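**Q** Quick note: the sequence shown uses numbering that gives the first Met the number 0, first residue 0, plus one each step.
Hints should not be assumed to be uniformly reliable.
Stated by the list, open to error - In silico lysine to aspartate or glutamate, EDC-like type, Cα no more than 20 Å apart, as pairs:
#, residue 1, residue 2
1, Lys56, Asp122
2, Lys123, Asp53
3, Lys118, Asp235
4, Lys123, Glu58
5, Lys226, Asp102
6, Lys118, Asp142
7, Lys210, Asp98
8, Lys118, Asp98
9, Lys123, Asp235
10, Lys56, Glu297
Note that these hints are calculated values from the structure, not bench results.
In this text, all values refer to a predicted model and were calculated from it rather than measured experimentally.
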Amino acid sequence: MWIYIVGGILLLFAAYLIIQIVRCNTAVKESKERLAVYGAETVDLSYGKMSYVDTGKGEVILSVHGIFGGYDQAYDTCKDFNSDYRIIAPSRFGYLGSDVLGDGTPAEQTAAYVELLDKLGVDKAYLLATSAGGSAAFRFALDHPERTKGLILYCSAMPFTEKPEKYPEYAGPPAFLCNDLTIFIMSPMFEPIMGMEPSTIYGMLPVSERKTGVVLDASVTNLDMAKNYDDYHVEDLKVPTLVFQAKDDKLVSYSDTEKAVKRIPNCSFISFESGGHLLEGHGEEIKEAVSKFINDCEKTDCLV
Numbered sequence: 000m001w002i003y004i005v006g007g008i009l010l011l012f013a014a015y016l017i018i019q020i021v022r023c024n025t026a027v028k029e030s031k032e033r034l035a036v037y038g039a040e041t042v043d044l045s046y047g048k049m050s051y052v053d054t055g056k057g058e059v060i061l062s063v064h065g066i067f068g069g070y071d072q073a074y075d076t077c078k079d080f081n082s083d084y085r086i087i088a089p090s091r092f093g094y095l096g097s098d099v100l101g102d103g104t105p106a107e108q109t110a111a112y113v114e115l116l117d118k119l120g121v122d123k124a125y126l127l128a129t130s131a132g133g134s135a136a137f138r139f140a141l142d143h144p145e146r147t148k149g150l151i152l153y154c155s156a157m158p159f160t161e162k163p164e165k166y167p168e169y170a171g172p173p174a175f176l177c178n179d180l181t182i183f184i185m186s187p188m189f190e191p192i193m194g195m196e197p198s199t200i201y202g203m204l205p206v207s208e209r210k211t212g213v214v215l216d217a218s219v220t221n222l223d224m225a226k227n228y229d230d231y232h233v234e235d236l237k238v239p240t241l242v243f244q245a246k247d248d249k250l251v252s253y254s255d256t257e258k259a260v261k262r263i264p265n266c267s268f269i270s271f272e273s274g275g276h277l278l279e280g281h282g283e284e285i286k287e288a289v290s291k292f293i294n295d296c297e298k299t300d301c302l303v
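Using the sequences plus the hints, can you model the full thing?
**A** Following this line, the structure appears as structure tokens:
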């Protein structure tokens, strides 16, 4: 009897796996078709290639995406602003058609962004960063205040309030999990672990074309503000900052963000009771707040 039971379980598992493989392959194919719609361009920089979306007119928002992102995530974060601003949405190092400069540090990411803006004829930009993209955005504003009009941070990685005594050597999903099928099968766990709908997986595929960036974020980007704490003296920021955070965010600590914003001069902090890491349900509120932030920055700049 036990042989039949075990055999039945194995057959069910095999059937489940086959179904998931078929579903995953279909989803990956559809994701590649979806990416084609963005009309991304690729530019040759001094160190290699960078892919990006450049659309709209007006003040420039340079969108700095989070982990498992790319030009698609970077653009989607800002798509509600496309009618009012020029959105430049590049893939960060190792994501969707972008090479890696050196060790891939946030400082090197900043150098790549400056080169991209130079290629596109952009003198200054607002940086809008989400999640893991926060480190590069802070680094950009600190290293190049003359190129930065303001910082806009969505549930972003934030600087520590004091130098940590210890930090992990790796902060992200292990490399062996970063493949299309594994992440696809794990997607039902997104809600309890990250507070995200399982359908979020469809914006992460193909994982295979984002893996280098994911591993780089986990091993370098996500550790940089801890490892190089003294290089993130955010009290020296010369530009205004707008921070959004949801209290129920499972990936970025709300209490840590509350503490961090006190270090940042000329910083506005807008919090939500709910919305999770993706700030779901607050699109209109965020759009109004961002528009007001940029309008106020432009008025101030005109008076200087």
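**Q** Each hint needs a verdict: does it hold in this structure or not?
**A** These are the hints, each one checked on the structure:
1. Lys56 / Asp122: Satisfied, since the Cα-Cα distance of roughly 14 Å is no more than 20 Å.
2. Lys123 / Asp53: Holds: Lys123 and Asp53 sit about 15 Å apart, inside 20 Å.
3. Lys118 / Asp235: violated, 28 Å
4. Lys123 / Glu58: holds, 9 Å
5. Lys226 / Asp102: holds, 14 Å
6. Lys118 / Asp142: Holds. Lys118 to Asp142 sits at ~19 Å (cutoff 20 Å).
7. Lys210 / Asp98: holds, 12 Å
8. Lys118 / Asp98: holds, 16 Å
9. Lys123 / Asp235: holds, 19 Å
10. Lys56 / Glu297: Given that 20 Å is the threshold and the Cα spacing comes to 15 Å, the pair holds.
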